[in-house]
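A.B. asks: Sequence:
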Amino acid sequence: RPFYLLSVLLRDCFPAIDGRSLRAVSFSLTKDTITYHTRSGKIHLDFKTDASGFSITTRFEGFGEAIGKFSPLGNGECPELSGVYQAARNMGGPCGWLTREKIREKGNAESSGLVTVESGGRWLTLFVENFFRYDFNGLVRAFGNEPIQISAYYSLEKLNREDETLPPLRLALNKNLEEGLQGAASAIARHMKARQDKSPAYHWCSWYYCYHNFDQAQLEEYLEGMKDRQILDKMQYIQLDAGYFPAAGDWLTQNERWPKGLKGAFETIIKAGGHPGIWIGPFMIGNRSALYREHPDWILLKTDGKPLCPWEWYNEPKVWGFQDEEYYVLDTSHPDAMNYIRGVFRTFRAWGAELFKTDFMIWGYVDSSTVKRHSPGKTSIEYFRDLLQAIREEIGEESYWLGCIAPFLPFIGYADGMRVGGDVGSQWKGGFSPQNMIQSVLGNNFTNHLYYQNDPDSLLLRDFYIYLTDEEVESLTLLAALSGGCMYTSDPLHKLRDDRLALFRFVEPKGKIRPSLPFSGTPRDDIVLVHRNAEGNRGIVFMFNKNDIPITGVYSLEELGFSNPMRAYDYHTRDMTGTLTDRLVASAAPHGCKLFFLNRGDEKPDYSRLWNNV
1 RPFYLLSVLL
11 RDCFPAIDGR
21 SLRAVSFSLT
31 KDTITYHTRS
41 GKIHLDFKTD
51 ASGFSITTRF
61 EGFGEAIGKF
71 SPLGNGECPE
81 LSGVYQAARN
91 MGGPCGWLTR
101 EKIREKGNAE
111 SSGLVTVESG
121 GRWLTLFVEN
131 FFRYDFNGLV
141 RAFGNEPIQI
151 SAYYSLEKLN
161 REDETLPPLR
171 LALNKNLEEG
181 LQGAASAIAR
191 HMKARQDKSP
201 AYHWCSWYYC
211 YHNFDQAQLE
221 EYLEGMKDRQ
231 ILDKMQYIQL
241 DAGYFPAAGD
251 WLTQNERWPK
261 GLKGAFETII
271 KAGGHPGIWI
281 GPFMIGNRSA
291 LYREHPDWIL
301 LKTDGKPLCP
311 WEWYNEPKVW
321 GFQDEEYYVL
331 DTSHPDAMNY
341 IRGVFRTFRA
351 WGAELFKTDF
361 MIWGYVDSST
371 VKRHSPGKTS
381 IEYFRDLLQA
391 IREEIGEESY
401 WLGCIAPFLP
411 FIGYADGMRV
421 GGDVGSQWKG
431 GFSPQNMIQS
441 VLGNNFTNHL
451 YYQNDPDSLL
461 LRDFYIYLTD
471 EEVESLTLLA
481 ALSGGCMYTS
491 DPLHKLRDDR
501 LALFRFVEPK
511 GKIRPSLPFS
521 GTPRDDIVLV
531 HRNAEGNRGI
541 VFMFNKNDIP
551 ITGVYSLEEL
561 GFSNPMRAYD
571 YHTRDMTGTL
581 TDRLVASAAP
591 HGCKLFFLNR
601 GDEKPDYSRL
611 WNNV
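The letter at position 560 of the sequence shown is residue 560 when you use the numbering used here, and the numbering goes up by one with no holes.
There's no promise every hint is true.
Capping the alpha-carbon separation at 27 Å, the derived lysine-lysine pairs in BS3-like fashion look like this [unchecked claim]:
#1 Lys271 with Lys198
#2 Lys198 with Lys263
#3 Lys227 with Lys193
#4 Lys69 with Lys306
#5 Lys234 with Lys495
#6 Lys302 with Lys372
By construction, these hints were calculated from the structure, which means they are not laboratory data. In this text, all values refer to a predicted model and were calculated from it rather than measured experimentally.
Using the sequences and the hints given, assemble the complete structure.
C.D. replies: Have a look at this one:
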């Protein structure tokens, strides 16, 4: 049956090497294995059906050819394909539901770790559970009016390993999109031993309002202000971001903004009753740093021997006010470089840091076939996880670790939280608009509290020096909150309007909660998030309008996952009587939202704390 269903959904699949169908001298077939005999050696595909589903395991035997990408299922045609769910590779990456028409328009789409297709009313998810050594992706391609093609491939990075067994490719048929995504994510999380013990982070970060200009004097002012408005005791962490160092790489050297150094800044936070957090870009090295000047052999090189240089700043303004023209990548395969970065994290922890935000992590996640490392022989994931293991050892199991600009899948098992959306700024359109955040919150919903806590980005709550309207601030805050992940702001909480501070208190996280997206896999103008308690007799329904025109949605409680009827309370009118109904009608202005609290009895809603209503 699995073979039959697979052949119905994907037609004419063949193994492929670097995108080209495998050229075999001959092949042999047993009940559960196909063996391809090639001039470079043997490739075995082992097929297995068990309680968890259907899988294909690839084994190389005496295979001497260096392979970049291997596809056990390559270039399979999907003639009845309706759409594809694309999973993001890292922060801000493309993700979400793509219709057949959208795929033809784009030409191709890569999906990281898993790919789900709908074809002929069936939902098929292809995924791999193991990301300890190799990357895995789904590739969807469209050629004119020809059937759309699906490939599933491993990135082997041209390492010569004659005898190798790849992690099994799993194929699961599901009733709907959410079931397929969460089933795959749950399996991945179990295999990778995801960290799920921390409560959702609720903290303050210096970056998004003060950027790199924050200093010791402002820290003292902000802490005093938070105490006066009785919010500091709610903050899990006070996190200092970039700007405390003289050049990237010189993380332990203080600059003029921090005369007491980071140790003194952490002591200030602790004395006020807070818990210190710190930002760092472990792979980043500025060309004017003392680190580079003293250890030029610690940087990662391209195959031509020149430094790998992700950033070049030859014009003005230079990043973060520094003079560095180029930024290099720390080669953590160098034992001394690894010991150095270990020492940095060990020192931060000894000084009192309890939250660690590691940024620009994608810089160190580089295909090993494209660079020269001090100690070669491993894949990019192996080198990357070597560093992650070292950092976790230094900061301890008790510390909260937030990844940023990072590859999602290799980080599972180390990160407690992960930034999923691009930076959000103070305007609805243009640079730093919330559009990517909106897409990323929805597109990565299935990973939340499975891989780690999703971080949608900072809440913008201020009513000064901002282009966002009151309605936009509220709707974006509620969207981020109802996504169920990390919550934090950089705004001066002691200067906020009373209603904005009340909004921040309103969305304080409570437990590991992930919304249901009842209309995922269906192109719509509205965005609907639903939360239900285990008994299904209480819940929250949120409708968000990202469009430039008003919209109205009509939803039966049944399609939202509730049993009829229920009493609905309107958050925006502060309704205390509720309406007994079997449907909701939600009208929202451009960039606005509607929020309803539902219950089956006479319990009054709590308009001061969001999560007391579910």
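A.B. asks: All hints, please: hold or fail.
C.D. replies: The hints, checked one at a time:
1. Lys271 with Lys198: holds, 24 Å
2. Lys198 with Lys263: holds, 25 Å
3. Lys227 with Lys193: violated, 38 Å
4. Lys69 with Lys306: Distance ~25 Å between Lys69 and Lys306 Cα, so the pair holds.
5. Lys234 with Lys495: holds, 17 Å
6. Lys302 with Lys372: holds, 6 Å
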